[in-house]
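Asks: Sequences and hints are given; from them, build the entire structure.
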Amino acid sequence: MTQSELPMPSESPERACPAPVPDEVTRALLDGVADAVLLADSAGTLKFVSQAIETCLGCTPDEAYALDSVEALLGGDPAPWADAAGNISRLAWPIADRAGRQRTLLLDARRVDTHPGHILYTCRKASSGQDDFRELVERSPDVIVRLDRQLRHVYANPSIEAATGIPAAAFIGQTHQELGMPPTLVALWQQAAEQVFQTARATSLEFDFDGPNGIRHYQALFYPELAGDGTVRFVAAVGRDITAAKQSQQALQQQAQRERVFANIARRISRSLSLEAILSATVEEVRRYFGCDRAVVYRFQPEGGGTFEAESVAPGWRSLLGQSYRDPCFERGQAERYRQGRICAIADVSATAMASCHRDMLAQFQLQANLVVPIVRDGGLWGLLAAHHCAGPYPWQQSEVELLQQLAVQAGIAIQNAELYRQLEVANGELQAQATTDRVTQIANRNSLDSVLETEWQRLTRSGGTISLVLCDVDRFKAYNDRFGHLEGDRCLHQVAQTLAQQVRGRSDLVARYGGEEFALLLPQTPRSGARHVAQRAQAAIRALQLPHVEPSSTVTLSFGVASMQPSAEVAATTLVDRADRALYWAKTTGRDRIVSELECQLD
2 MTQSELPMPS ESPERACPAP VPDEVTRALL DGVADAVLLA DSAGTLKFVS QAIETCLGCT
62 PDEAYALDSV EALLGGDPAP WADAAGNISR LAWPIADRAG RQRTLLLDAR RVDTHPGHIL
122 YTCRKASSGQ DDFRELVERS PDVIVRLDRQ LRHVYANPSI EAATGIPAAA FIGQTHQELG
182 MPPTLVALWQ QAAEQVFQTA RATSLEFDFD GPNGIRHYQA LFYPELAGDG TVRFVAAVGR
242 DITAAKQSQQ ALQQQAQRER VFANIARRIS RSLSLEAILS ATVEEVRRYF GCDRAVVYRF
302 QPEGGGTFEA ESVAPGWRSL LGQSYRDPCF ERGQAERYRQ GRICAIADVS ATAMASCHRD
362 MLAQFQLQAN LVVPIVRDGG LWGLLAAHHC AGPYPWQQSE VELLQQLAVQ AGIAIQNAEL
422 YRQLEVANGE LQAQATTDRV TQIANRNSLD SVLETEWQRL TRSGGTISLV LCDVDRFKAY
482 NDRFGHLEGD RCLHQVAQTL AQQVRGRSDL VARYGGEEFA LLLPQTPRSG ARHVAQRAQA
542 AIRALQLPHV EPSSTVTLSF GVASMQPSAE VAATTLVDRA DRALYWAKTT GRDRIVSELE
602 CQLD
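Residue numbering for the sequence shown follows the working numbering, starting at 2 and increasing by one per position.
Just so you know, not all the hints are guaranteed correct.
Unchecked claim - Cut-off 20 angstroms, straight-line C-alpha distance, at most; resulting in silico cross-link-like pairs (EDC-like, lysine to aspartate or glutamate):
| hint | residue 1 | residue 2 |
| --- | --- | --- |
| 1 | Lys-589 | Glu-601 |
| 2 | Lys-48 | Asp-109 |
| 3 | Lys-247 | Asp-211 |
Hints listed in this document are in silico derivations from the structure and should not be mistaken for laboratory results.
Replies: See below:
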């Protein structure tokens with residue numbers, strides 16, 4: 002932008018010597034020029050006015066002479082806008098014609114070299130585009146100013162009054178400092194303007210200004226206006242109120258940050274299906290993001306009241322974790338309102354009206370500011386998620402309220418998933434138990450025995466050691482069933498199984514129903530002697546039950562077969578079963594109610 006593009010104010014020039022009057026021939030030539038020509042002496046007195054003045058200003062030459070001076074004719078002295086040589090080039094000059102219409106002249110001035118102090122002015126009406134530009138500048142909502150090298154305002158458009166509360170005219174000839182602007186703003190503008198004067202390059206800055214409309218955020222562009230010799234004569238600055246854009250940008254940044262935080266917390270929560278881990282992660286992330294002194298999850302109990310299930314608290318503040326608390330205020334319909342989405346945001350406990358019972362509770366928890374949102378699961382109020390400021394009041398932002406709501410929703414979903422997972426684990430455990438437990442005796446079944454035997458066989462193949470197996474069978478059980486019925490037979494098997502289970506001591510020992518009335522005692526890391534001792538203990542325990550059998554004086558007894566081996570990769574685990582089964586067969590065929598090892602079978 003050049004100096005012709007902004008309206009210019011008036012200042013008083015210094016006067017020089019009188020100017021000569023053109024001769025008749027020169028007058029005729031000048032009157033034939035389309036531009037208005039003015040000749041003034043060093044005092045600014047008009048010595049000649051061409052006929053074109055009527056086109057430019059709407060006045061006759063005689064009317065111009067009557068005004069006597071250039072300053073009176075133009076409504077101001079253009080001399081201050083001259084360059085070092087005293088010349089003016091295409092200066093945009095605002096003026097009102099004799100009819101009061103505002104217009105802009107393009108003004109040039111040259112010194113008459115042969116007569117020191119004499120100045121020849123030429124002026125023409127600016128094109129309609131330049132008039133339009135002036136109108137745009139005057140009506141622009143942006144603040145537009147022009148500064149000289151002393152950083153004084155030589156122009157300020159009307160918008161500056163709305164921005165600062167100071168009339169535009171009051172800026173002329175004044176610096177920002179003289180106008181009482183804040184020192185930080187003065188320093189910013191001075192640095193930017195001086196940079197443009199020195200480098201002839203545009204620059205920009207952003208700043209806050211506390212004006213009639215409150216604190217507003219501005220962006221200012223500073224650019225040079227060059228003189229004819231290429232030097233920077235003025236710096237023009239355009240300041241635009243970008244508060245709304247800045248607020249939108251900040252809102253977008255906050256939204257993006259909330260989304261990042263929410264995503265991070267959601268990821269952390271979703272990594273675990275443990276309820277304790279979910280609640281712990283939630284409060285830790287809430288306290289970290291909100292910068293509060295405490296974050297808690299309060300869980301309601303069916304019998305009333307509730308417990309602080311999770312907490313993250315800063316050092317120096319009371320811990321609420323694990324404490325049960327019944328809020329008397331909460332019993333008065335608060336639960337339903339929270340279930341429907343109620344939010345409690347208290348920025349300053351001491352300045353907020355509330356029930357005395359609620360105030361007492363907050364004081365007990367050392368609270369100065371409190372933000373509480375509900376955790377809803379399956380449509381019911383599960384608990385509350387809260388952020389606490391204990392050191393002092395805190396103005397909760399809407400974005401923080403919304404984020405805590407989102408986290409509470411996510412926590413509710415995670416809690417529901419965790420509880421569903423726990424139910425699934427229970428169901429899977431039951432299914433696993435059904436798959437590995439005998440329904441009648443409630444001890445391990447044959448499938449479980451086969452699996453554990455194979456596992457232990459492989460382990461002992463690697464580490465070395467002895468494994469023993471005791472197979473036992475209820476003597477004459479068919480006769481028992483025929484006499485007492487299958488229901489009593491099942492009860493008998495259950496009692497026998499539970500008694501056998503009480504006889505094993507090792508952590509890896511296993512008692513299983515092998516099939517029908519036959520049972521197995523698997524004893525890893527147990528030698529033959531130890532296995533025989535377990536069988537003897539079991540035999541005595543079964544006899545002690547005194548379960549009646551078919552004959553009036555007889556009781557239920559068991560026959561036992563014992564086998565022991567050192568596992569190896571060359572021998573299958575089923576070999577141990579075969580040996581124990583053979584020993585059991587010998588016990589049954591040689592009189593029942595006895596213990597036989599695989600070695601005794603070989604001797605026989």
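Asks: Mind checking the alpha carbons of Lys-48 and Asp-109 for me, to see if they're no more than 20 angstroms apart?
Replies: Holds, at roughly 17 angstroms.
Asks: Between Lys-589 and Glu-601, does the CA-CA distance stay at or below 20 angstroms?
Replies: Distance ~13 angstroms between Lys-589 and Glu-601 Cα, so the pair holds.
Asks: Against the 20 angstroms threshold, does the CA-CA distance of Lys-247 and Asp-211 hold or violate the hint?
Replies: holds, 16 angstroms
The structure meets every hint from the earlier list without exception.
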